[in-house]
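Residue numbers (the numbering used here), protein chains in the order written: chain A, 6 to 367; chain B, 6 to 367.
The hints are simulated quantities; they were obtained by calculation from the structure and are not laboratory data. Small disclaimer: the values here were computed from a predicted structure and weren't measured. All residues carry an ideal CB built from backbone N, CA and C; glycine is no exception. Among the hints, a few may not be true.
Unchecked claim - Some chain B residues close to chain A (C-beta under 8 Å, calculated; not the full set):
no.	residue
1	L216
2	G248
3	T253
4	T267
5	C277
6	I278
7	P279
8	P280
9	L283
10	I288
11	W298
12	T324
There are 2 protein chains.
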Amino acid sequence: MLQPRAITYTEKGAPASVLRVKTLPTLAAPTTGQIRVKFLLSPANPADMNVVEGVYPARAPSVEVDGTAHSLCGTEGVGRVEAVGEGVRSLRPSDWVVMGRSQLGTWRSSALLDAASVTKLPASPALTPVHAATLAINPPTALRMLRDFTRLSRSSWVVQTGATSGVGRAVIQIARAMGVHTVNLVRERRTQQQTDAVKEELKALGATHVLTNEEVVRDSKRVRSLIANWTQSDLPLFLNCVGGQETTEVAKTLSEGAHLVTYGAMSKKPLCIPPGLLIFKDIKSVGFWMSKWYAKSSAEERSAIAGEIIQLIESGSLTEPPHQIVSIGGHQTDQQATQTLRDALAAQANGGKKILFEMEDS
Amino acid sequence: MLQPRAITYTEKGAPASVLRVKTLPTLAAPTTGQIRVKFLLSPANPADMNVVEGVYPARAPSVEVDGTAHSLCGTEGVGRVEAVGEGVRSLRPSDWVVMGRSQLGTWRSSALLDAASVTKLPASPALTPVHAATLAINPPTALRMLRDFTRLSRSSWVVQTGATSGVGRAVIQIARAMGVHTVNLVRERRTQQQTDAVKEELKALGATHVLTNEEVVRDSKRVRSLIANWTQSDLPLFLNCVGGQETTEVAKTLSEGAHLVTYGAMSKKPLCIPPGLLIFKDIKSVGFWMSKWYAKSSAEERSAIAGEIIQLIESGSLTEPPHQIVSIGGHQTDQQATQTLRDALAAQANGGKKILFEMEDS
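With the rest of the complex left out, here is chain A (with noise of 0.2 Å):
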């Protein structure tokens, strides 16, 4: 019998130093309202490394090996139906799904899940194995934030930070395919000609402007007044993940009663707002967090969301994103497979694509 693996932590820190891949005890055959899947392919996104390094509020599961609880890594992925236990309706063996819920540890090659906690996919030619284990969490996302806050119409802006994260590329996109404009800052690159390749990649997938971060804040009022003309006014909604010195100065080009949206913290500074803006223009600083809203949904609202990526999908309006997969194959050892997966998390701290885990049963 094949024994699952997965990639696991004993104790917090820093990704590279405390993940390892460990071969499970072996998965028994599931029973009652639970199914067996093979996961396909499960990113890493940046809330996934929040948890392992302890700073953010999520609890991972864990399974005991020899003693020892290990931590399970990973929220988000696509696994394939191998078997289900009585009782279970709703999934058939080969059909693909997706979690329904945050934290159920998808840095595996294979799991025993309760059914009720996974959505099944539509079968779609145009569902890509790297499209299904991306659909859950970043592009739900994007079209939540574009969606609950304020009503957009075709004329209207939408500014973002961030905008080369997984997030960021799903707004430009669902916005394009609403018919609305966004204002895009990115960091500065290196060299001024890799910042231009960032900005043209963006305008590629539908941006329609592209600003740094460094510009925004060295320039604020030239900036401030560009924007102000692109938008003539019409700026509801500013979605925000980093919360910087630009996040403050963007704010000020807000329309009256704009949402502020905040769902990300890559300054890991405090997001501070001129009282003003909130007083005179009535500018509302909210968060959002997609946990929360799977972990309030219904199966149905699930279910929708993702079928309503898919056919953003099937329509071409949302591509794959920027990705490496790291394959653990089922002939490598724990400590080789442990190698690879840290080589593989040391060469994308210094900023690479997304990395999507294929592991294998050893």
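Following the hints, position chain B against chain A.
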């Protein structure tokens, strides 16, 4: 014919330097839809000073005297109707009115106003001129903020900064009348005895607990645990008119989904909030501006809120704010009156009671 006098300025700046008392041209008889009003008392609110300083987004009206445009001050006040023009049916001489719009220039002895721009007060023996002069801004600001953002139950808690301000005192009293508990932050005074006196004064008004900003910042962990113990995680509303470090610390004690409502910025600092509070705790940082509420409200809504405040006064729930009356007599020359005004403003700059102007025609 008597001539009205007003407190005016011809250029923006420090109130104690630029404000003067100026005799204005004799008033004509009220025309259609107009009333002539004799102001009984007109308070000097912090926002009025900000208008004179040029740091408030509101434009004062002006009157030309001898070829020079004099800006008129004052947004709040109680007036007695002296005469009504044609077509005015809602008001009669001897009625008391408060202002239904901002920036009508209430620091005057008498004025011609549109009948539609004022709200008639019901006759009530409990209603002193001081109550009437101060009921249109501070108590309604407190009432709306306690009511419009979240549903408070009788066991709920509200926390506020700037608790000795006019709004702060109204919050304490109206919350008490609603059965809602308050945690109140005040500035540390020069001596411990003075600080203790302020705490006792607010407790006598109905404050459940009073802390100083300095205590909160100095010992934030202990204070947060104190507040958590008091409120038992039922702290859904934070009313803030300061916005310093103490505001950031106290925001961490709010319950999930709470509203942090900013209506002032006495610290003149940006409002800084840890992004995790927005994302994971769903704290909503918003603003409130009573002027905007008045600009959007109907005559019925303005009447209704004045009626509610008067009921609170009649039931003994809302006391007069601490105040001093500055009288500018008809026998004084403009120069003498200006000296009286400047002396009062200079004395208040060291932290005095709310000034109410009582002005006679000259």
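Would you check whether W298(B) satisfies its interface hint, that is, whether its CB is within less than 8 Å of any CB in chain A?
-> violated, 11 Å
Are I288(B) and chain A close enough, Cβ to Cβ, to be under 8 Å, as the hint says?
-> Nearest chain A Cβ about 7 Å off; hint holds.
Interface hint status, L283(B) versus chain A (Cβ within 8 Å) = holds, 3 Å
Under the criterion of a CB-CB separation shorter than 8 Å, is P280(B) in contact with chain A as hinted?
-> holds, 4 Å
Status of the P279(B) interface restraint (C-beta, 8 Å, chain A) | holds, 5 Å
Hint validity - T324(B) Cβ closer than 8 Å to any chain A Cβ | violated, 27 Å
Once the shortest beta carbon distance from C277(B) to chain A is found, is it less than 8 Å?
-> holds, 4 Å
Against chain A, is I278(B) within 8 Å by beta-carbon distance?
-> Check passed: Cβ of I278(B) comes within 5 Å of chain A, closer than 8 Å.
Supplied contact hint for T267(B), tested at 8 Å Cβ to chain A = Constraint on T267(B) satisfied, holds at 5 Å.
Against chain A, with CB atoms and a cut of 8 Å, does the hint on G248(B) hold up?
-> holds, 5 Å
With chain A as the partner, please determine if T253(B) meets the hint condition of a C-beta pair closer than 8 Å.
-> holds, 7 Å
Double-check L216(B) for me: the hint is only fine if its C-beta lies closer than 8 Å to a C-beta in chain A.
-> violated, 21 Å
The structure shown violates the earlier hints numbered 1, 11 and 12.
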